[in-house]
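Sequences and hints are given; from them, build the entire structure.
Residue numbers (our numbering), protein chains in the order written: chain E, 1134 to 1770; chain X, 28 to 369; chain W, 5 to 112.
Read the hints as simulated data drawn from the structure, not as lab findings. Accuracy of the hints is not assured; some may be wrong.
Computed cross-link-like contacts, SDA-like style, restricted to lysine to any residue with a CA-CA straight-line distance of at most 20 Å [as the list claims (entries may be wrong)]:
#, chain 1, residue 1, chain 2, residue 2
1, X, K192, E, A1750
2, E, K1565, X, Y152
3, X, K278, W, G75
4, E, K1565, E, K1688
Model, not experiment: these values are computed from the prediction.
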Amino acid sequence: MNERILHDYNDFVLPFLIGFVFILTYLFIGLVRIIYHIPPEDRRKLLRSFINPRILLLNFKDITHDCLLHIKIYKRNLLLGYMHFSIAFGWFMLIIIGHIEVLLYAPKSTGWQHLYYPIFFRYFLEQSGHTTLRGAFFFFLMDFFLLMVLVGIGLAIFKRVKSLAFGMRRTTHASFADTIVLYCLWAIFPLRLLAEGFTAGISGGSFLTKPVNYIFASFLGNDLNIMPTWWAYSISLGLFFLALPFSRYMHIPTEPLLIILRNAGLKAKKIRKGFSEAEIYSCPSCGLCIDACPMNVQIKNLKLSSVYYMRFLRCHNHQKTQRIANACLMCGKCVEICPVGIDSCAIKVVERGTMNNSVQYDYNYLQDGKINLLSLLETQNSNEIKPLLEKEITQDIKIANKDFSSKNRGKVIFFAGCMTHITPIIIQSMKKIFAKAGIDYIFADANGGICCGRPLLLAGKLDAAKELIKKNTELFKESGATTLLVSCPICYKIFKEEYKLDNIVILHHTEYINKLINDNRLQVRKNDDTLVYHDPCDLGRGSNIYEEPRNILLKIGNLKKAEKEGKESICCGGSLGSLSLNRGDRVKITQKSLQALTYCKPDKVITACPLCKKTFAEQSEDIPIMDLAEIVANNLI
Amino acid sequence: MNNNKNILIIGGGPAGLEAAIQLQKLNYNIILIEKSDHLGGHLAEWDRLFPDGVKTKEILDKLVNNLVGVKYFLNTEIDSINLLNGSYNAILSNGITILAKAVLIASGFDLFKAERKQEYGYGVYNHVISNADLESYFKDGKDQRVVKNPRRVGFVHCVGSRDEKVGNIHCSKVCCVTAVKQACEIKEKFPDAEVFCFYIDLRMFGRGYEDLYLKAQQKYGIRFIRGRVSEVAENIKNELIIKAEDTLSGKPIQVTLDLLVLMSGMMNSKSGLELGEMLSLNKKEDGFFECKSSIYSQQFSNKKGIFYAGTCTGPKTLPDTFHEARSAAMEINTYMNESNKE
Amino acid sequence: MTNFGFKLVTSSRVNLDKFDKEKFDKLLKIEPDIRICMACGACTATCSAGKFTETSLRKAILLLQNGDEKGAVNKLIGCMLCGKCTIVCPRSINTRNLINNILKIYSK
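See below:
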């Protein structure tokens, strides 16, 4: 096939070379920076991940799935997925096969030539004699993948005009660098087609480039027009590389790095450096999170979406990032939807930490002898507890607690939490359920308790939260109970993730009631009510509990679907995650979320979080909002 | 001379009844419609009135007895109403059509549904009742939730009023004096009970109200605690535990009660609002109808020929309601005479 | 002047002349709703920390407006940011944001 090397160099490769060297240097420095800012213990984790075969396999799978095949985007919208896939995979194959071609047909190439030969193969190598089968195969492959990329580019241009066809209602505005890179990207492949088309007469081609060659040969002088097209091709490539670091397309080289870091178990510890930096540069600015964010119900709050957070972080605009970080509801929908899997909420919590962790607090009152388990409990087992409570608050309390705890092995300790006290019907319902099922339980915070600590954690006050965690852990361990039952998903999430409760099983009341019904300790009757279930952010996306509440509700009424539910459930708007959102903004979010739940006009809306219940009930005029425990208690046989 | 002139009065409560009585004296042809099965509106459900404890039965009987010659339909609402040649053409739910030059809207108020304040546990705990429930109890003595000889009774002011969370930032005017009145009545019935009133501001604006307040403190020893109740819990014995802050001493306060009375506030009635939609009547942010001028012409609506009387334009006392009814009657008479000349 | 031997006692009277407008204006920019507090006490009543130590947003606002900044901070440092006060406030003040910002602006 191609045997003779025409020249080994031409000036036109310079723009490409400059760009390429620039981007390689930039990436290298960036990599060093990121690794440098990763804390030492995380660096050790990273190194360990390289010798762990499971993680290595996971890395390979994730990189192929997300960077090349874009499976997550396919799941979102077929056209969108194909567009990304065709450009990414097509270009990747062009590069690989280009390198294979060089290996096969230009084995004597040296030094710099390794860099530009694969890119400009059709210029530097000419075809002599007839085409072999292997040669035709390679020509075909290159043309095929070039066509694949061109189709993708065509779709990308179409998306600019009609984004709704790709399932995206709103999208982000492109910056100047973004536009340059985008136009270069659009230009590279048509120019390549032109350039290779012109040289197809000399260097050979296949079904795409040969016809181009014939067309041009018929009315344009072939020789004269080779150079301008190759120059144009090289310049577009060079410009692409030069502008890349300043644009959103930096996600192309950064995403594989992010996958490796994430699979090694690293998390964001600083706002702008280390792991977060990898996340920031991986954000492709696709704007899927704009549609996901519950605050988008008001146009003025569109700029609070995660994509803008990432942008402002990248250009160091602290005022804007702080504003977004303070407003975020922490509902997690943007994290769930992000095709790159960026956990922007974690970075926002880190940023809140820089603002709030050093704010003064004083929890010395937690250490008083005053707060001991017995003082918080409901005096239901008054025969047991009363004599213990009457002892002086001294050493005796420690002994009293020990007595108490040994009597309580195997019992269920029910922790209502701050929010459930504001919706007492949930407590009443749980008591009814306990009575019906014959459960021996302790009501931990009957007289009010200490907050679980999650609101402090979400506000970035990690040190303050740790003190609450410590005290609560003491109290739970002292009680001797083996099951911790909570009615609030906010508490549930922190108990599971941050508390170290050893042998105590933590259950949300939906899991518990589901278990009771399955074990036949509880029976419910069915009626004709149409029900819709709202997945609370912290229970659904936050703790992966979607099925248990639905299993229960199927036994009670006709369960219908909401407009958006499960992983895409819309936040109720009452979230304690937001620090600065005001009442007016929250009410709008609640109303929109309620609309999505009630579009099929159900008889009742059921939720599993006291805060969701309270928030929705304030805006729901006709349709009652009930907690799962409530509707179960109302329908006990 | 006026016998063939129709006036439609919507609402058979005190405002509607009094206006009907006055207009009847002027010989107009009155048609009064009432959506429930009895006349008197909320008045028929109450026991005694502030500040002097006049029995509602007295007032109600007077109204009903003077209602001679007024045609009224019970269990009737307006299906549709529209303007027809300068008069109002109303189709009633009983099928009758009325053409009336003037319409008086006396649709009254609805009480705030106390169960909407979930943290107070109305409908959840056994011994939490509303002010309306207590009046019923005083009238007929039958309410399971009121224990015999309660040791401690509490009243929570501003339930559903002055509360942005439930969408009612207005003050319902009369609940403070009602609370004090009911507190005194509880003491009369259960002399050994301790009574607490949890208020934010004590609005004793009318004649005789301050005296009532004085009597409550002096004669009955009722404790007034300035602090909004934030939540109510129940102990094993089904007693209610109230959490509030005693803002005057600046300390959180806790007390166990046998009975808790929630002072539900006033809102524009649902049927009134539906009527307002049919007629495109202006209302203000608090949901009540807007008068032409809040100072000078409270009986006029934004529509010619439609008049207001009573609580549909805002919370008010009974005497005020009667004033408005009589004032509306006079304005309607003037209006009818003027349009006669045209 | 004859010295009668009376000592000067620091008055416990609130002196509104000594109010720090600059800091308060800073706070107002972030949370203007501090103005609409009607001192009903619902926040204090429901406070989780208030069970164990004197924590009261109502008092803190009062003290702040009376110029006692230290006292105001002391009434808020026990706050666990649990959010119950935000739920019960009848004027829908964003109490958690207010508490956090008072502590940020006024504490040492």
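A quick look at each hint next to the structure:
no., hint, in the structure
1, K192/X with A1750/E, "holds, 10 Å"
2, K1565/E with Y152/X, "holds, 13 Å"
3, K278/X with G75/W, "holds, 15 Å"
4, K1565/E with K1688/E, "holds, 18 Å"
When each numbered hint is compared with the structure, no violation occurs for any of them.
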